[in-house]
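Assemble the complex: chain A is given as a structure, and chain B must be docked to it using the hints.
Protein chains in written order, with my numbering: chain A, 1 to 302; chain B, 303 to 852.
Hints are computed from structural coordinates only; laboratory data are not their basis. Among the hints, a few may not be true.
As the list claims (entries may be wrong) - Facing chain B, according to a computed beta carbon distance under 8 Å, are these residues of chain A, among others:
1) Thr66
2) Val68
3) Leu71
4) Glu87
5) Leu88
6) Pro248
7) Pro249
8) Ala262
9) Ala263
10) Gln265
11) Thr266
What the hints assert, rightly or not - Pairwise CB distance ranges (calculated):
12) Lys720(B) to Pro77(A): 25 to 33 Å
13) Glu193(A) to Asn722(B): 57 to 65 Å
14) Asn722(B) to Ile55(A): 25 to 33 Å
15) Ala76(A) to Glu594(B): 24 to 32 Å
16) Ile809(B) to Pro147(A): 50 to 58 Å
17) Ala76(A) to Lys734(B): 34 to 42 Å
18) Arg675(B) to Pro147(A): 49 to 57 Å
19) Asp536(B) to Ala157(A): 18 to 26 Å
20) Glu679(B) to Pro147(A): 51 to 59 Å
21) Ala157(A) to Thr792(B): 43 to 51 Å
22) Glu672(B) to Phe41(A): 29 to 37 Å
23) Phe41(A) to Glu594(B): 49 to 57 Å
24) Trp131(A) to Ala451(B): 53 to 61 Å
Computed from a prediction, not measured in an experiment: that's the story for all the values here. The beta-carbon is built from N, C-alpha and C at its ideal position, and this holds for glycine as well.
Residue-level listing of the chains:
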Amino acid sequence: MSAEPHISPPQLEVSKPKAHPKSSSLWLDALSRLVKSKTSFIGLCLILLLILTAIFAPVIATYDPTEVQLLDRYQAPSSEHWLGTDELGRDIFSRIVYGSRISIQVGVIAVGISAIVGILLGGIAGYFGRWVDQIIMRIIDILMAFPSILLAIALVAVLGPSLTNAMIAVGIVGVPQFARIVRSTVLSVKETEYIEAARAIGAKSNRILFQHVLPNCTAPIIVQATLGIGTAILDAAGLSFLGLGAQPPAPEWGAMLSDGRAALQTSPWVITFPGIAIFLVVLAFNLFGDGLRDALDPRLKQ
Amino acid sequence: MKKKALWTLLSLLLIMIITISGCSGDEKANSDDQKDASDDTEQTNDDNEDSDDGKKTFVFGRGADSVQLDPSKVTDGESIYVTNQIYDTLVRYEEESTEVRPALATEWDTSDDGLTWTFTLREGVKFHDGTDFTAEDVVFNFERWASSAENIYYGYMFGATEDNLSGIIDKVEATGDYEVQITLSEPNAPFLSTLAMPPFGIASPDAIEKYGEDYFKNPVGTGPFVFKEWIVDDSITLTKNEEYFGEVAKVDEVIFRTIPDNGARFMELQAGSIDAMNGLNPQDIDTAESDENLQVIRRPSMNVSYMAMNTDKEGPMSNKLVRQAVNLAIDKDKLMTLFEGIGKPAKNPLPPSIWGYNDEIEDYGYDIEEAKRLLAEAGYGDGFEVSLYTMSNPRPYLPQPKVTAQAIQQMLSEVNIKVNIVENDWDTHLTKTENGEHDMAFLGWTGDNGDPDNFLYVLLDKDNAKKGSAGNIAFYKNDEVHDLLKSAQTEMDQAKRTDYYMQAQEIIKEDAPWFPIAHTTPPIAASADVVDYLPHPTGSEPFNFLDIKE
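The shape of chain A in the complex, shown without the other chains (with noise of 0.2 Å):
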């Protein structure tokens, strides 16, 4: 990383000596902001339960999650079976344990696409303004004006259905979120005196925008990614209900809601669960997300 600061604003490093005397530790005094806020304490706990199951699924599961057991099926939550038994007898809990995987997997590489894609482009366009502005964030206002899900509908309409298309074309949905805020950020921060000295000393345009601008951009961004991760996990799971995601055995949670529909009135467990892990994992994302925007706010430092 570069030399520079990586606050922008110079004149908030007055107000912060008292609890940390070092200017870079701008990161801590977020982190424990952001750890006395409840919810996103909350979020946070979610979220790294999340993870520990992904990793520790095959621990964790009873059963495998694609074995049919067909004289099982519609197994009423029990002993046995701890969330119950789908339409083919396959053990719900282990399901939903090995679909935290895939959700993690999609909400990832998902914003993985939006954020390498919309940081350049709007990197790109905040810096260079004029017309090259112009034409990307003409582009990006188009993509802005597809519902989104329709738009990944689509998308997955052109490619095929399959969960890597699923997790491509919400990635491609998320990037004009990541492109607008970038070229704002990148707006401000290329206005600063040391953005200035570097082009004084005759930095080329690459270099600034890659080791002086944008890693001071970093804020928003992870603000941004956090909060759309939950919105691709539920993008997503969209597309795996309608059959456009992830394809039969995978445990997704979004095909597990579209499987069970049929016995909703007789075997309401079978929808219910799965219903539940999308609905905490996107809560998680959102309130830690909020936190983190929060913390990261340098108006409520003091």
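Using the frame of chain A, we list chain B on its own:
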């Protein structure tokens, strides 16, 4: 600057107008006056059974929309359900069996050699467009069916091919205003009962000329109901034909509503917004039976569901040993739990309710080791990947296609066959399988005329294994079977025909072009107020007999 903005605005508006008009043009397929018709639907959707003016409406919910309303061009049950209301055939089936009774023809006679059939037609019948029904119209319809290979059922039933479009029907002549003579090139045992099939409904020649290409969405027949409106993927509305020559319908209006999801459809029935529905989820049967506002009506079984293996496609499925191994590797009895008591395991393409069923045949049974051995012998011991095409909507013979596919996927994985499930909507599924894009595919068949020929010849003869219009989606071509089926067609003696069909079933079992799944007794759920609903074994019944209690 201002001018620029104006232009942008204008072009945006233009795009919007084009999009909107494009959409509405696609969705609406109704006939004369679009505006008028859509006003009507709003009304009919709001008031269900007994509306203010005392109109009785019977709303039937089902899982998929009709493909076309020109019965000569389709084979799917959802299209035929509707055309069966609009059209009459020369003869019709009895209310509960496949015995024939007079309809447009009042009497018929056949020559001793079985080649010449003479039909005396009913006088004073009018088409829904007001034109009179005469012998010339019958001739016109027969000539139309024989004019193109698009008329799929005509090809299936009368052996028409690209080179011989008229098949076994040599000549159709009007020998009087109300008399028609049909000459066949060879005797055809099921001929009369075939003519009672809904695809051979007599259409108004005037309407066919008037609408041309668009006839399929503007059907005009002589049947108990008159076509009113079709909103694609939503509903088809029919009104009663007051001047019907048979029993005039007791309800004033029939609406077929498309509700793809079984569960949602059942909830609508419980809520009373539809009067009857097919495709009841097996697990909802108990709920429906215990609800005093509902009744469950069971259709007599005359169907089969199967997984066809594409013998024509290069790769494992063209190998007989592999197909036998697939039959051995799937535990059919376990699969039956997915039918929740409405299905019996199938071992033959013919349902047991049809004569000619070979009960001597022993099914493959479930034997993983033997399956593995056969696969190794065929050189596929290490496994392979195949596609399994399935429809997304339930069918009467296969109430839960996707779940069934997943169960088979799991079972075949035990013998190292990796199954990729390809799910499509009904229309697309039919097109893709008829084109032979699949390795394996689900499909099923509900008998049309109660004759074995209608199953074996349509579904497994090489004559019907033509890409694009295949009834035989296993693309199974066996000359021995073909000879047997052809002999059975031209033989009038039922005992001999039975013998031919028995033999054919044995060869088919050995070649294993299918994995036969089940014969079902499809449940129909209806409101307790619906009376005299008599389900027909062929899968659809005219609605002029039923009534709704006040």
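Going through the hints against the structure:
{"no.": "1", "hint": "Thr66", "in the structure": "holds (7 Å)"}
{"no.": "2", "hint": "Val68", "in the structure": "holds (4 Å)"}
{"no.": "3", "hint": "Leu71", "in the structure": "holds (6 Å)"}
{"no.": "4", "hint": "Glu87", "in the structure": "holds (5 Å)"}
{"no.": "5", "hint": "Leu88", "in the structure": "holds (6 Å)"}
{"no.": "6", "hint": "Pro248", "in the structure": "holds (5 Å)"}
{"no.": "7", "hint": "Pro249", "in the structure": "holds (6 Å)"}
{"no.": "8", "hint": "Ala262", "in the structure": "holds (5 Å)"}
{"no.": "9", "hint": "Ala263", "in the structure": "holds (6 Å)"}
{"no.": "10", "hint": "Gln265", "in the structure": "holds (6 Å)"}
{"no.": "11", "hint": "Thr266", "in the structure": "holds (5 Å)"}
{"no.": "12", "hint": "Lys720(B) to Pro77(A): 25 to 33 Å", "in the structure": "holds (32 Å)"}
{"no.": "13", "hint": "Glu193(A) to Asn722(B): 57 to 65 Å", "in the structure": "holds (59 Å)"}
{"no.": "14", "hint": "Asn722(B) to Ile55(A): 25 to 33 Å", "in the structure": "holds (29 Å)"}
{"no.": "15", "hint": "Ala76(A) to Glu594(B): 24 to 32 Å", "in the structure": "holds (26 Å)"}
{"no.": "16", "hint": "Ile809(B) to Pro147(A): 50 to 58 Å", "in the structure": "holds (56 Å)"}
{"no.": "17", "hint": "Ala76(A) to Lys734(B): 34 to 42 Å", "in the structure": "holds (39 Å)"}
{"no.": "18", "hint": "Arg675(B) to Pro147(A): 49 to 57 Å", "in the structure": "holds (55 Å)"}
{"no.": "19", "hint": "Asp536(B) to Ala157(A): 18 to 26 Å", "in the structure": "holds (21 Å)"}
{"no.": "20", "hint": "Glu679(B) to Pro147(A): 51 to 59 Å", "in the structure": "holds (55 Å)"}
{"no.": "21", "hint": "Ala157(A) to Thr792(B): 43 to 51 Å", "in the structure": "holds (49 Å)"}
{"no.": "22", "hint": "Glu672(B) to Phe41(A): 29 to 37 Å", "in the structure": "violated (60 Å)"}
{"no.": "23", "hint": "Phe41(A) to Glu594(B): 49 to 57 Å", "in the structure": "holds (53 Å)"}
{"no.": "24", "hint": "Trp131(A) to Ala451(B): 53 to 61 Å", "in the structure": "holds (58 Å)"}
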